[in-house]
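Place chain B on chain A using the hints.
Residue numbers (this note's numbering), protein chains in the order written: chain A, 29 to 280; chain B, 29 to 280.
No wet-lab data here; the hints were simulated from the structure. Some clues are possibly wrong.
It does not matter which identical chain is meant; a pair holds if it fits inside one copy or across any two.
Below 20 Å or equal to it, Euclidean Cα-Cα: the simulated SDA-like pairs (lysine to any residue) are [what the hints assert, rightly or not]: (1) Lys-227 - Arg-55; (2) Lys-220 - Arg-278; (3) Lys-227 - Phe-165; (4) Lys-76 - Gly-190; (5) Lys-220 - Leu-280; (6) Lys-227 - Pro-266; (7) Lys-76 - Ala-117; (8) Lys-220 - Gln-276; (9) Lys-76 - Arg-212; (10) Lys-76 - Tyr-115; (11) Lys-227 - Gly-190; (12) Lys-220 - Gln-279; (13) Lys-220 - Gly-277; (14) Lys-220 - Ile-254.
Since the structure is predicted, the reported quantities are computational estimates derived from the model, not experimental observations.
Number of protein chains: 2
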Amino acid sequence: MSLLDTIAGRAEAGTLYGIGVGPGDVRYLTLRAAGLVRSVDVVGFFAKRGLEGNARRIVAPLMDASRHELRLEYPVTEEVPVADAAYQAEIAAFYRRAAESIAAHLQAGRSVGLLSEGDPFFYGSFMHMWRRLDRDFPVEVVPGVTGMSGCWTQANVPITWGDDILSVLPGTLAEDVLCDRLQRCEAAVIMKVGRNLPKVKRAVTGAGLLARALYVERGTMDGQRIVPLSACDDERGPYFSMVLIPGQGRQL
Amino acid sequence: MSLLDTIAGRAEAGTLYGIGVGPGDVRYLTLRAAGLVRSVDVVGFFAKRGLEGNARRIVAPLMDASRHELRLEYPVTEEVPVADAAYQAEIAAFYRRAAESIAAHLQAGRSVGLLSEGDPFFYGSFMHMWRRLDRDFPVEVVPGVTGMSGCWTQANVPITWGDDILSVLPGTLAEDVLCDRLQRCEAAVIMKVGRNLPKVKRAVTGAGLLARALYVERGTMDGQRIVPLSACDDERGPYFSMVLIPGQGRQL
Numbered sequence: 029m030s031l032l033d034t035i036a037g038r039a040e041a042g043t044l045y046g047i048g049v050g051p052g053d054v055r056y057l058t059l060r061a062a063g064l065v066r067s068v069d070v071v072g073f074f075a076k077r078g079l080e081g082n083a084r085r086i087v088a089p090l091m092d093a094s095r096h097e098l099r100l101e102y103p104v105t106e107e108v109p110v111a112d113a114a115y116q117a118e119i120a121a122f123y124r125r126a127a128e129s130i131a132a133h134l135q136a137g138r139s140v141g142l143l144s145e146g147d148p149f150f151y152g153s154f155m156h157m158w159r160r161l162d163r164d165f166p167v168e169v170v171p172g173v174t175g176m177s178g179c180w181t182q183a184n185v186p187i188t189w190g191d192d193i194l195s196v197l198p199g200t201l202a203e204d205v206l207c208d209r210l211q212r213c214e215a216a217v218i219m220k221v222g223r224n225l226p227k228v229k230r231a232v233t234g235a236g237l238l239a240r241a242l243y244v245e246r247g248t249m250d251g252q253r254i255v256p257l258s259a260c261d262d263e264r265g266p267y268f269s270m271v272l273i274p275g276q277g278r279q280l
Numbered sequence: 029m030s031l032l033d034t035i036a037g038r039a040e041a042g043t044l045y046g047i048g049v050g051p052g053d054v055r056y057l058t059l060r061a062a063g064l065v066r067s068v069d070v071v072g073f074f075a076k077r078g079l080e081g082n083a084r085r086i087v088a089p090l091m092d093a094s095r096h097e098l099r100l101e102y103p104v105t106e107e108v109p110v111a112d113a114a115y116q117a118e119i120a121a122f123y124r125r126a127a128e129s130i131a132a133h134l135q136a137g138r139s140v141g142l143l144s145e146g147d148p149f150f151y152g153s154f155m156h157m158w159r160r161l162d163r164d165f166p167v168e169v170v171p172g173v174t175g176m177s178g179c180w181t182q183a184n185v186p187i188t189w190g191d192d193i194l195s196v197l198p199g200t201l202a203e204d205v206l207c208d209r210l211q212r213c214e215a216a217v218i219m220k221v222g223r224n225l226p227k228v229k230r231a232v233t234g235a236g237l238l239a240r241a242l243y244v245e246r247g248t249m250d251g252q253r254i255v256p257l258s259a260c261d262d263e264r265g266p267y268f269s270m271v272l273i274p275g276q277g278r279q280l
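Isolated chain A (complex conformation) (with noise of 0.2 Å):
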């Protein structure tokens, strides 16, 4: 067995794993992830209705036809705001449904890594399983390299120097939110683009930072593409794609 193996460890009967596997890249995972990404019985994920599910893609390399999957299905939503009381209910059924096809293996004693894009408890859906299963069955969480850090290696920007505050932002936010935000920021992140992407460029170029902000899609991932926001006039992104807006606080 390597030394990596041998760091990395291995999956231990009826527990549940939260797996962070980094933003796209397999060689991101951690030695940790890797190793239960090979040893848990079973390897959950979510995905949406058609797609192999962007989890599953990162850690493709690391699997085998051998290995039992259990794939957890979105219901179909597209249309649907996320405000909405009913769609709000119908995503809230589906995670109870997936907490309960989790629990039934962990029942059996049978351990479950669940795959979260970036780190799991960053805006990782994740969390709700974590919140419905965590008081009954041992839990363990590993951290993941985020989404963000995975973009702005990319980009070759470091984002936060010396004493620059970093606001995190979702692009789902009002547009005038967003504006206001960004107006007290030394550096800023703006996740969750993807449909957002005309009031994304409006608000940053509103909060007069157009010029220092980066447009960053499916970072470290095959397809990926840096170019500047104001370069961008995409009525929308994917569903990996960020907006960055480097710091500029002291460089020694």
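Quick look at chain B alone, frame taken from chain A:
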């Protein structure tokens, strides 16, 4: 060669690697970081006089006596405030000499891996080498799990839900600035707590957030300590200490 070693890959001649070594537990190095720590010709790291060096300690299980190490020792500046011009000049001269010693190895065709706690482009001292060497040498930056991800994982608290805004605030900021920014946060992480601990606690209290605040010392490392900030009256924390204020956003 094991699958993990194959994915991790090896270093190339004459290349500078900025290696994020994560929050403290060696299992939280990425595969790429672990592969590079074991294959670069020179393992470089910053350290304070008389101490092992935090990043060097994290990778100890991956090292052996045959490796060539480059210890970059900070000048003794313990009693001089960071804002002081003399301090800044001394640190800048130190970084210049450190970059020269790294450049000499690179020019001789040796690969150099500079260890960086957490993520290299997130408040990392590697950034001071990167800006001096990136134009003249091939550089690869390897993102890492941040210290804050390690801390909220160990504290077993998701940090951001739904549309929560996260602010990352250096504890070195003035108390009134900290307090003002905290009042505009849904979720917050206060870094660089150390000797700023009493000031940070006053600012959190002033912002009305004391009941939600957690104090984390040496997260993911030996000697880890996690307590409500309200229960911590220490005059100063160690280098690895931070305050977490978890978000309370949408939980479906």
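Comparing the hints with the structure gives:
1. Lys-227 - Arg-55: neither (34 Å within a copy, 40 Å between copies)
2. Lys-220 - Arg-278: between (29 Å within a copy, 15 Å between copies)
3. Lys-227 - Phe-165: Close neither inside one copy (42 Å) nor across copies (39 Å); limit 20 Å.
4. Lys-76 - Gly-190: For Lys-76 and Gly-190, only the inter-copy Cα distance (18 Å) is at most 20 Å; the intra-copy one is 41 Å.
5. Lys-220 - Leu-280: between (33 Å within a copy, 18 Å between copies)
6. Lys-227 - Pro-266: Close inside one copy (15 Å), not across copies (43 Å); limit 20 Å.
7. Lys-76 - Ala-117: Classified as within: same-chain Cα gap 18 Å, cross-chain 54 Å, threshold 20 Å.
8. Lys-220 - Gln-276: between (24 Å within a copy, 18 Å between copies)
9. Lys-76 - Arg-212: neither (36 Å within a copy, 34 Å between copies)
10. Lys-76 - Tyr-115: within (15 Å within a copy, 54 Å between copies)
11. Lys-227 - Gly-190: Between copies, since 18 Å is at most 20 Å while 30 Å is not.
12. Lys-220 - Gln-279: The answer is between: 17 Å across copies meets 20 Å, while 30 Å in one copy does not.
13. Lys-220 - Gly-277: For Lys-220 and Gly-277, only the inter-copy Cα distance (15 Å) is at most 20 Å; the intra-copy one is 26 Å.
14. Lys-220 - Ile-254: within (16 Å within a copy, 31 Å between copies)
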